[in-house]
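Student: When you get a sec, could you build the whole thing from the sequences and use the hints?
Residue numbers (our numbering), protein chains in the order written: chain A, 6 to 292; chain B, 6 to 292; chain C, 6 to 292; chain D, 6 to 292.
Think of the hints as simulated: they come from the structure by calculation, not from any bench.
C-beta: ideal position from N, C-alpha, C; glycine also.
Take the hints with a grain of salt, since some may be wrong.
Partial chain C-side listing against chain D, Cβ under 8 Å, derived [said to hold, decoys possible]:
1. 174
2. 269
3. 272
There are 4 protein chains.
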Amino acid sequence: MIQDLKIGIIGSDVRQSIVARELASAGATVYGYAVTEEEGINICSSVKKCTSLSDIIILALPYSADSRYINCPDSEIKITDFFNSIAEGKLVLAGKTDEYARRLCNERNIKLTDYFEYEELTLLNAVPTCEGALELAMRELDITIFDSKSLVLGYGRIGKILANHLAMLGSDVTVSARKSRDRTLAVINGHNSCDISEIQKRISQFDVVFNTIPSLIFNRELLEKTPNNTLIIDLASRPGGVDMNTAKAMGKRVIWALSLPGKVAPVSAGKIIFSTIMKILEEEGFL
Amino acid sequence: MIQDLKIGIIGSDVRQSIVARELASAGATVYGYAVTEEEGINICSSVKKCTSLSDIIILALPYSADSRYINCPDSEIKITDFFNSIAEGKLVLAGKTDEYARRLCNERNIKLTDYFEYEELTLLNAVPTCEGALELAMRELDITIFDSKSLVLGYGRIGKILANHLAMLGSDVTVSARKSRDRTLAVINGHNSCDISEIQKRISQFDVVFNTIPSLIFNRELLEKTPNNTLIIDLASRPGGVDMNTAKAMGKRVIWALSLPGKVAPVSAGKIIFSTIMKILEEEGFL
Amino acid sequence: MIQDLKIGIIGSDVRQSIVARELASAGATVYGYAVTEEEGINICSSVKKCTSLSDIIILALPYSADSRYINCPDSEIKITDFFNSIAEGKLVLAGKTDEYARRLCNERNIKLTDYFEYEELTLLNAVPTCEGALELAMRELDITIFDSKSLVLGYGRIGKILANHLAMLGSDVTVSARKSRDRTLAVINGHNSCDISEIQKRISQFDVVFNTIPSLIFNRELLEKTPNNTLIIDLASRPGGVDMNTAKAMGKRVIWALSLPGKVAPVSAGKIIFSTIMKILEEEGFL
Amino acid sequence: MIQDLKIGIIGSDVRQSIVARELASAGATVYGYAVTEEEGINICSSVKKCTSLSDIIILALPYSADSRYINCPDSEIKITDFFNSIAEGKLVLAGKTDEYARRLCNERNIKLTDYFEYEELTLLNAVPTCEGALELAMRELDITIFDSKSLVLGYGRIGKILANHLAMLGSDVTVSARKSRDRTLAVINGHNSCDISEIQKRISQFDVVFNTIPSLIFNRELLEKTPNNTLIIDLASRPGGVDMNTAKAMGKRVIWALSLPGKVAPVSAGKIIFSTIMKILEEEGFL
Chain A
6 MIQDLKIGII
16 GSDVRQSIVA
26 RELASAGATV
36 YGYAVTEEEG
46 INICSSVKKC
56 TSLSDIIILA
66 LPYSADSRYI
76 NCPDSEIKIT
86 DFFNSIAEGK
96 LVLAGKTDEY
106 ARRLCNERNI
116 KLTDYFEYEE
126 LTLLNAVPTC
136 EGALELAMRE
146 LDITIFDSKS
156 LVLGYGRIGK
166 ILANHLAMLG
176 SDVTVSARKS
186 RDRTLAVING
196 HNSCDISEIQ
206 KRISQFDVVF
216 NTIPSLIFNR
226 ELLEKTPNNT
236 LIIDLASRPG
246 GVDMNTAKAM
256 GKRVIWALSL
266 PGKVAPVSAG
276 KIIFSTIMKI
286 LEEEGFL
Chain B
6 MIQDLKIGII
16 GSDVRQSIVA
26 RELASAGATV
36 YGYAVTEEEG
46 INICSSVKKC
56 TSLSDIIILA
66 LPYSADSRYI
76 NCPDSEIKIT
86 DFFNSIAEGK
96 LVLAGKTDEY
106 ARRLCNERNI
116 KLTDYFEYEE
126 LTLLNAVPTC
136 EGALELAMRE
146 LDITIFDSKS
156 LVLGYGRIGK
166 ILANHLAMLG
176 SDVTVSARKS
186 RDRTLAVING
196 HNSCDISEIQ
206 KRISQFDVVF
216 NTIPSLIFNR
226 ELLEKTPNNT
236 LIIDLASRPG
246 GVDMNTAKAM
256 GKRVIWALSL
266 PGKVAPVSAG
276 KIIFSTIMKI
286 LEEEGFL
Chain C
6 MIQDLKIGII
16 GSDVRQSIVA
26 RELASAGATV
36 YGYAVTEEEG
46 INICSSVKKC
56 TSLSDIIILA
66 LPYSADSRYI
76 NCPDSEIKIT
86 DFFNSIAEGK
96 LVLAGKTDEY
106 ARRLCNERNI
116 KLTDYFEYEE
126 LTLLNAVPTC
136 EGALELAMRE
146 LDITIFDSKS
156 LVLGYGRIGK
166 ILANHLAMLG
176 SDVTVSARKS
186 RDRTLAVING
196 HNSCDISEIQ
206 KRISQFDVVF
216 NTIPSLIFNR
226 ELLEKTPNNT
236 LIIDLASRPG
246 GVDMNTAKAM
256 GKRVIWALSL
266 PGKVAPVSAG
276 KIIFSTIMKI
286 LEEEGFL
Chain D
6 MIQDLKIGII
16 GSDVRQSIVA
26 RELASAGATV
36 YGYAVTEEEG
46 INICSSVKKC
56 TSLSDIIILA
66 LPYSADSRYI
76 NCPDSEIKIT
86 DFFNSIAEGK
96 LVLAGKTDEY
106 ARRLCNERNI
116 KLTDYFEYEE
126 LTLLNAVPTC
136 EGALELAMRE
146 LDITIFDSKS
156 LVLGYGRIGK
166 ILANHLAMLG
176 SDVTVSARKS
186 RDRTLAVING
196 HNSCDISEIQ
206 KRISQFDVVF
216 NTIPSLIFNR
226 ELLEKTPNNT
236 LIIDLASRPG
246 GVDMNTAKAM
256 GKRVIWALSL
266 PGKVAPVSAG
276 KIIFSTIMKI
286 LEEEGFL
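Tutor: Next up, the structure:
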């Protein structure tokens, strides 16, 4: 029962405040540090107070911005100090954890779960990511999406939604993917398709390119064939799909759009984290 | 035949440059002032040179920003002086003309046609207007369009496209219109509908409201029922649908979004003006 | 108040039974003849009993199939006899009334309202009409709608929905309309467009044609250019848009699809009649 | 090069004729038996002549309807006799082959490839399958898809397209799937979702159910909760998802819709087989 749970949330941005609010209204006893004051949330005067009162502690996404300090705007808390202050046996839920955090928790017998690695979050985040990409394209292009020619590289969860959004707004969409299966799916869904190997020949036709493939697609050779006017929005996580230095030197229009959900729709992104955490709590037997 | 036409374009912004380019590539002899230099466009050193060489002269949208000077960034040309310099019998195409311009042209026996009043332009402009409204909503909201609750006031050409765009992106859309016919059409197109008289009761449910009705809908009474968090995007032309002073005083979130096409998609907006001008030239027997 | 109304329904098909059921569950006192027995419906042993007990009488759509007898499966009641048996001052709601019925009611001081002429019904009927047309096309074609080339003639309420349905299922849709405004709207909605005058040249490209224009489009000349394999579905009411005799003689594939709502979705069609009747009762001050 | 290939097609229905036509117009030398006569197709007087002249032989889908005779309308050719008549080393492409055919080919050193097992065909067939299911629903239901409540069981390639089609036509769609991932995907795509375990409680709400899960979902228990009026369309291959005997005994409305592509859109189905065969020929190094 969620009513039995004491959950501490260490705030970072809007998303953590939303997580706190949603947990409180779901019935949990919520202790918050650096989150928005609201009915049902017990604001704590220190991180230590917050964690000591709670059985489950939720850190931000990412849990640390620099691998030294906990991601928390109001104070400087070293990662080591933070985990040292947590009693054994407690559960910490955190985003984008690293080897360092995992080792510390292991030594201290703290249970650490990375909610960023849950498929639920990955899937649900596709929606704000695609809307963010669309917003960027609308802002940067001096033409409408309607009647534009767009290329979507990759046809996974983001490529599928994005291609569909673009088509619904009237863009002439081409999907490029390595796998024959993905190209066939794109055709079934009403898009044009082309093999990755054909991009070089066709790149000059497109007004805007969205890359979702996390490997170097836009190398010097392809960039040379890309018109300066073509907008490239790279949605692939590190190392990204564009040789950025070369692209900039050549004067290409590239936007590397990382972590869009928290930026373009922090409230929705917070709710997605909340719903992922609920799923984890369920799986872990807390609910 | 377009090849027989000598057309002068007085530049203002990107749109006029696009009109010049498209006319040139359609085959017209184009004289341009304050437009981007490009192959096929004869750049003139003065407005007078440009108009004297041309049989048809195209002014910007709007033709004047202040009812005193011609809308042209590079020089100060009084409206009177401009029309005095045009030979009798020539055709001037201009946007948002007023009584003053019409009188001057009438006296001087100049034919004046306002392309902004053509249905072709009004209809085609609905697309960039809706994309601009969508972009604004995406930028301002801290939630995604997906899963949002949106209200579209009015179900004319803009309301129809906008409601459809929002629904395609996953918003739960309600259309409010005075006419029973429009509400029925909205239902047929898959939206919720409500009578304008019910808005007061329901306004607190919506995350975002798009107004397309050009009369005072958001008066003090309705604004009082509108949550501070609800975003109002007013797309209605002057005087708009929101009592702005009261709304601001109350701390409501209102954006009065006028003339979106030229702002959000100037190249598409330019092509729309071009295609309207072609239609006018056809109707007037030039093509 | 609907609770105060005594309404008699003379059955014809499923639709009238649905009207009876919906009126009963809305709270009216319902007398039915030749409608399905159901809770809340008082089944009468004769038409006369049914009409004498009721203040408002609802006849079928059409009210008569042959202009001599009332449309009612179970007995032969002449139109004259029917109206003669109705007391003065009562309201009769009927579908597709004619001069004859109007004259009889006028003489007898009976109020006659034709619900088939209400825009509400016309608009709502567009949905089952379009689904019926789609079903016909799916049944008759040996190809899928997906990837087919379809032509929609006319862009009114039916043309708009049908073109949209076809596009959503992956057809490459062209809309042909006389009015420039309609062709522009079709383009804005993502379809191809062509002037009616161009059909002759282009007709051979289409797998299926849906006509919604109530005037002779497919004359001998156009039929001669139409491939025998092309399916023509004529949705236009009498006299229809196809020269049927010539088309048949030439071996063309034409389906004249009239009155689809009652045939393909009688329950939905009945609900549409019900909702139109409610609107009429409201306008007439009964509700 | 396709021009170098000699391909024999043993006809069964429209699909094989389409395969023959497409191969011929792609440039292959085509020998046909029991296929439609057309330019570029060399019609053979016997199966033996057809196979002896060809290097590659294409049998129908399924290659045999009874596991004894080759699927070919015009003559009775035993499977053994057929394969015995084929010279060693030739390639036979056939649909829905069985252990028997594979063993015979193995013994005779004939290369046998089952095109029905190719993902290309499976994916592309999803389109005519979904359109066929939609057509069935439209034909059987006395309501429109618009405003109906539909349940799609399973969210694989068919469930995804079908749910989307239904939603586009205005149905209120619920997707039920075992995997949490699939339910989340359905939500992202704008549908309602529910766990398979909840169906019993909710089944009475739906007008129509489409099953795509190939295991017994509609057992006696679930059938007892299913209204007699609810239409069940079972798209799952053998053994299907419905206990048919029990369903019939209970008077439920169930349609077991197998092999829809060849039935509802044989020309499209033929083109899909053709495009799969081209992919196989490419992979096998023939093109």
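Student: Next, verify each hint and record whether it holds.
Tutor: Structure-based check of all given hints:
1. 174: Hint on residue 174(C): holds, closest Cβ of chain D at ~6 Å, below 8 Å.
2. 269: Holds, because the Cβ-Cβ distance from residue 269(C) to chain D comes to roughly 7 Å (cut-off 8 Å).
3. 272: At 4 Å from the nearest chain D Cβ, residue 272(C) passes the 8 Å test, so the hint holds.
When held up to the earlier numbered hints, the structure conflicts with none and fits them all.
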